[in-house]
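Visitor: So the protein sequences, as listed, match chains Z and B. Mind the numbering: the first sequence is residues 8 to 570 in my numbering, read in order. Mind the numbering: the second sequence is residues 101 to 183 in my numbering, read in order.
Just so you know, these hints were derived from the structure itself, not from any lab. All values derive from a computational prediction rather than experimental measurement. It is possible that some hints are incorrect.
[As the list claims (entries may be wrong)] Quick partial rundown of chain B residues pointing at chain Z, CB under 8 Å, derived from the structure:
| hint | residue |
| --- | --- |
| 1 | T109 |
| 2 | W110 |
| 3 | P114 |
| 4 | I133 |
| 5 | F136 |
| 6 | H141 |
| 7 | V149 |
| 8 | F150 |
| 9 | Y153 |
| 10 | A168 |
| 11 | M176 |
[Claimed, not checked] Calculated lysine to aspartate or glutamate pairs in the EDC-like style (CA-CA distance at most 20 Å, straight line):
| hint | chain 1 | residue 1 | chain 2 | residue 2 |
| --- | --- | --- | --- | --- |
| 12 | Z | K149 | B | E179 |
| 13 | Z | K192 | Z | D246 |
| 14 | B | K113 | Z | D408 |
| 15 | B | K119 | B | D135 |
| 16 | Z | K192 | Z | D98 |
| 17 | Z | K480 | Z | E375 |
| 18 | Z | K480 | Z | D408 |
| 19 | B | K169 | Z | D492 |
| 20 | Z | K149 | B | D180 |
| 21 | B | K118 | Z | D96 |
| 22 | Z | K149 | B | D135 |
| 23 | Z | K149 | Z | D492 |
| 24 | Z | K149 | Z | D494 |
| 25 | Z | K192 | Z | E175 |
| 26 | B | K169 | B | D183 |
| 27 | B | K140 | Z | E375 |
| 28 | B | K148 | Z | E375 |
| 29 | Z | K149 | B | D183 |
Each residue gets a CB set at the ideal place from its N, CA and C atoms; glycine is no exception.
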Amino acid sequence: MIEGLNPALILIFGALLVPLFPHPWRTAYVVFLPLLSMLQLVLHPLGTFAEVPLYGMVLETFRVDNLSFIFGLIFHIAAVLGVIYAIHDDDPVHPTAGLMYAGAAVGAAFAGDLVTLFIYWELTAISSVFLIWARRTESAFKAGMRYLIIQIGSGVILLAGLVLHFSETGSITFGEMSLDTIGGKLIFLAFGIKCAFPFLHNWLQDTYPEATASGTVLLSAFTTKLAVYALARGYAGNDILIWIGAIMTAFPIFYAVIENDLRRVLAYSLNNQLGFMVVAIGIGSPLALNGAAAHAFCHILYKALLFMSMGAVLLRTGTCKGSELGGLYKSMPFTTVCCIIGAASISAFPLFSGFVSKSMIVSAVASEHLTLVWLMLIFASAGVFHHSGIKIPYFAFFAHDSGIRCEEAPISMRIAMGITAALCIGIGVFPGALYAILPYPVDYVPYTVAHVITQLQLLMYSALAFTVMMLWKIYPPELRSTVLDTDWLYRRALARTVPRALDAVFERIHSLQAVALYNTIITVKRAGNAFARSALARDNTSTSMVTWVLLALAVSIAWGLRG
Amino acid sequence: MTQQQDKYTWFDKPANVKKIIVALCVVCALLFIADFFYHKHAHFGIEKVFGFYAIYGFVMCVLLVLAAKVMRVLLMRDEDYYD
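Only chain B is shown next, with the shape it has when bound in the complex (with noise of 0.2 Å):
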């Protein structure tokens, strides 16, 4: 518990969290036009589609979040459950 380590740091800033969210955004764009520059040696009819990992990558996070949600009503216990 020294005062060292209660220092404010750059994470601290909520202007700071935000830079972070935006340069992610800037990112995620900048790699979704990429699919214009490169040849994809696709295997997969699918992989061919503009965008498809981005597309598949985020779709399927949210799918799974959601579906982990309806599995918390089903299978969440309380901590003791086992004791």
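So here's chain Z without its partners, still in its complex pose (with noise of 0.2 Å):
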């Protein structure tokens, strides 16, 4: 252990190194890397550490406290078994951009200040994107540029509300925030955005499905449980956060029933699940919050699982489509037993992970007599059953057999499917190493008689409505089919009329593109000023300079999202 060396330094330049290595070498250079750099962590002290000034600010590089250590730890378990799981494509993008962007995500659980969270920020959403375009595909690509976009988007939005913030606080610590205030407001937006909130959550079912099978599962591991982090840092207690959770938990098992590719299925199921942490953020007790990063350490675990198993379904056998699986628990009968693991544990059966830490919110919630939040969290659990626990191992490995038979998943995904599998019940069964790392001092029994019977009826009533309409045919089939949800905003509704309306606009102008190109200039230049004109001498034109870059990222953004 080195004292004051950030783990995300070593995560993000040992990264750099990995397409150095050859082949052989390289496996146990990146499966080395994150167990070296989670050693660092879990041998330092807590404390702020790596203090570096900057322009009469202190900017707080490395700041360990019980909060962001749980997240930083996770975040390396993640990081290790992501790259176990890719080492079979022998491709060195997705060990490179996984520990890069893991590292980020390190970086920005330990940023002390807002700079340099919105530094690691950014680089969550550069190293990522290269999971997606890894699939080496046209639409893949498109999906990849959308969620640039809409990441970097979040961004500048987090750049300017932290000038802005600085302008009204003189601070740039990143600690409670206020969202009486203009940049309150901003950097809460900016975590909304990664957060997946309603109406701002399309980028994660638009773009995780066209990733990588490997890309997936590390994609699905830090981006939202950062944003989780930092809204738990900044914004606990806050009543909004309830209703938007709340909403979070209930509207996209709706979109989860009818969806037929089964990694969108899980990318709805990962904003259900996202709902359950911004409610108990928004309550703010320490058993809420407690529950919370309880919630989001499980959480990455089962949804990685899940992941991992249908990425292996995806590698096998070409395709994720429920209507064209079927049947294969007779070639991977492995891959189905963790999917099945998987699956348990986000339902929250008793014995597995989502048991323990669901419960943590679910009592919060009832502790503050909250009913209407309350019911739509039991329907919300009942539903994640319902698409997520066995719509998921149905129609991928039961069901009609489709008649496709192929190898089961490779070596290197059932180690770390079966290591990830092991841990969610572990955690399952013994919650008391989880519950010892969580921010504050536990005082709760997930397993009384009555969590485990009001649960189980809940599940196994969930279950027999699907027994149910199957049987009675009710149940909607799986169709080759779009699902609309709000990217159809911008990829057909903007898409056909913004360029357009832009175009008639500018059908004087002997070069649309020399228009643009000078435009970003001038908007570069324009922000860059703002933020150094606010920074450096806290002029107060910055909150019209501010508006302005905000206005040319918005037409921008809908220049670029079209198509």
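Both chains are sitting in their own frames, so use the hints and assemble them into the complex.
Guide: Now the structure itself:
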């Protein structure tokens, strides 16, 4: 252990060396690197380290406390599992981008100030897009562009927010922030985009299923949980989060029922699980925040496991569409068992990881006597079993036999799935180890008679409903289709209207490209000036400059997202 | 495509699938009756309703699927809609 050395730097700079290693050595190196970095974190004392003075501000680049530690730790575990899963690909893009992405997420979690947070925030976007592009299809390339525009957009809004926040409060500390100021609102919006708040959510379902098998596993772990951490750090106890979160738990499950691409179904259920964490952050009590951190920890593992099992199916059969699959348990029994363990965990079956974390959140909601929110969460709990717990394993591995006969998943994927499945069960059976690293002291018993029986009632009657509707042929069959979500707004509506409107405006101008280039340069210059002025001289004109930058950004996003 | 993988399995028999369904019904019935035998630490009045979690889980899942079927009519397009 080297005191003050941020594990994020080990991951990021270590990732740059990955392509230099020849094949068999590369495998050893990419597994060793996050393990080394994790060792550095686990042995490191709590406190704030590596402070960097910058223009009269102090950047706290490495702040380890009880809240950031658990997120830093699970990001490392996810990185190790993700790179093991990706060994089979023999594509240096996955470990390079994946480890850099993990490092950026770790760095953001340990950022003690907003400037450091912003730098790592943007690095998560830039490094992770390569996991989508690694699919090397045209549709993945376009999805990657949409992803990049929205993720970088979130970063630019964060930058604008931090500049205003600084001029409003004189502080760049990444701590509790107010929703009453414009700066505070913009930072909240930036976090909300990455956290896939309702109506800001669709980048997730649009792009994660476009990545490679290994890419989606890595993507599912970091970005959204980093946003959960950022909300817990900055906006815990804000009531609005309770309602945002409650809506997030409920609406994605309707989509999950009718979506055909099983990795997209998982992306919707990812969104639904984030809702539980956001509700908990909105409540803000120690029990609730413990629940949010614990649920993020468990969620990263079981969601990775589910994406791993579907990734293995994609690798072996070439598709993840429910309409094309079925009967794969004969060919892929190990993957089937792992998928069922992931499904039991996300559904919060007793003795699986989701049970010991989600019950904390539901108990926290109950102790606040929020009846409607509680009813929504119970509904979402039954619903998540319905689509993630039953639909995913059922349509992929059972249902009608599709006739597909393929190989079992490769050994590296089986190792990653096996370890992840063991962790899901281990946490469910021995929750004490997880509870010991939560941000606040834990005084909570998950396994009471009432908890176990009520949860089993909810889940088994959800299963009964599924069975009855399958037998009576009420359940909607899996169909090859596209289901419209909010991405329709920019992929179809704006794409068809904005360019025409702009073309009409510019039709007399000789070269549209020249104008666009000129505008981009001006925008970048203004943005730079605005930040420099406000950070260095606390100039009040920064407010109006930021407004212009945001406006320019909005136009360029609308332009970039079309098609 | 080996013969090994095409072997006849336990799940292929309709009688066995029926056994699973019967087992599920038995478990559900037992869980419903279980409400007699423990004390619910209820935070909400509605929680005290006998078998609340069972009824709510079943009804809401049926409503979920019915609502999703309506959404399918409104929001479903061809697979290559955006291409």
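Visitor: All hints are to be evaluated individually against the structure, with a verdict given for each.
Guide: Status of each hint after checking the structure:
1. T109: holds, 6 Å
2. W110: At 10 Å from the nearest chain Z Cβ, W110 of chain B fails the 8 Å test, so the hint is violated.
3. P114: Status violated, d = 12 Å.
4. I133: At 11 Å from the nearest chain Z Cβ, I133 of chain B fails the 8 Å test, so the hint is violated.
5. F136: Nearest chain Z Cβ about 11 Å off; hint violated.
6. H141: Given a least distance of 6 Å, the restraint on H141 of chain B holds.
7. V149: Hint on V149 of chain B: violated, closest Cβ of chain Z at ~12 Å, above 8 Å.
8. F150: This hint is violated: F150 of chain B lies away from chain Z, its Cβ roughly 11 Å from the closest one there, beyond 8 Å.
9. Y153: Y153 of chain B check passes; min Cβ-Cβ to chain Z is 4 Å, inside 8 Å.
10. A168: holds, 4 Å
11. M176: Given a least distance of 5 Å, the restraint on M176 of chain B holds.
12. Z:K149 / B:E179: Distance ~16 Å between K149 of chain Z and E179 of chain B Cα, so the pair holds.
13. Z:K192 / Z:D246: holds, 14 Å
14. B:K113 / Z:D408: holds, 13 Å
15. B:K119 / B:D135: violated, 25 Å
16. Z:K192 / Z:D98: violated, 41 Å
17. Z:K480 / Z:E375: violated, 41 Å
18. Z:K480 / Z:D408: Roughly 17 Å separates the two Cα atoms, so the pair holds.
19. B:K169 / Z:D492: holds, 15 Å
20. Z:K149 / B:D180: Holds: K149 of chain Z and D180 of chain B sit about 14 Å apart, inside 20 Å.
21. B:K118 / Z:D96: Outside the cut-off at roughly 41 Å; violated.
22. Z:K149 / B:D135: violated, 53 Å
23. Z:K149 / Z:D492: Status holds; Cα separation ~17 Å.
24. Z:K149 / Z:D494: holds, 13 Å
25. Z:K192 / Z:E175: Holds, at about 12 Å.
26. B:K169 / B:D183: violated, 25 Å
27. B:K140 / Z:E375: Holds - the C-alpha atoms of E375 of chain Z and K140 of chain B are around 17 Å apart, at most 20 Å.
28. B:K148 / Z:E375: Holds. K148 of chain B to E375 of chain Z sits at ~17 Å (cutoff 20 Å).
29. Z:K149 / B:D183: It holds: about 11 Å lies between the C-alpha atoms, which stays within 20 Å.
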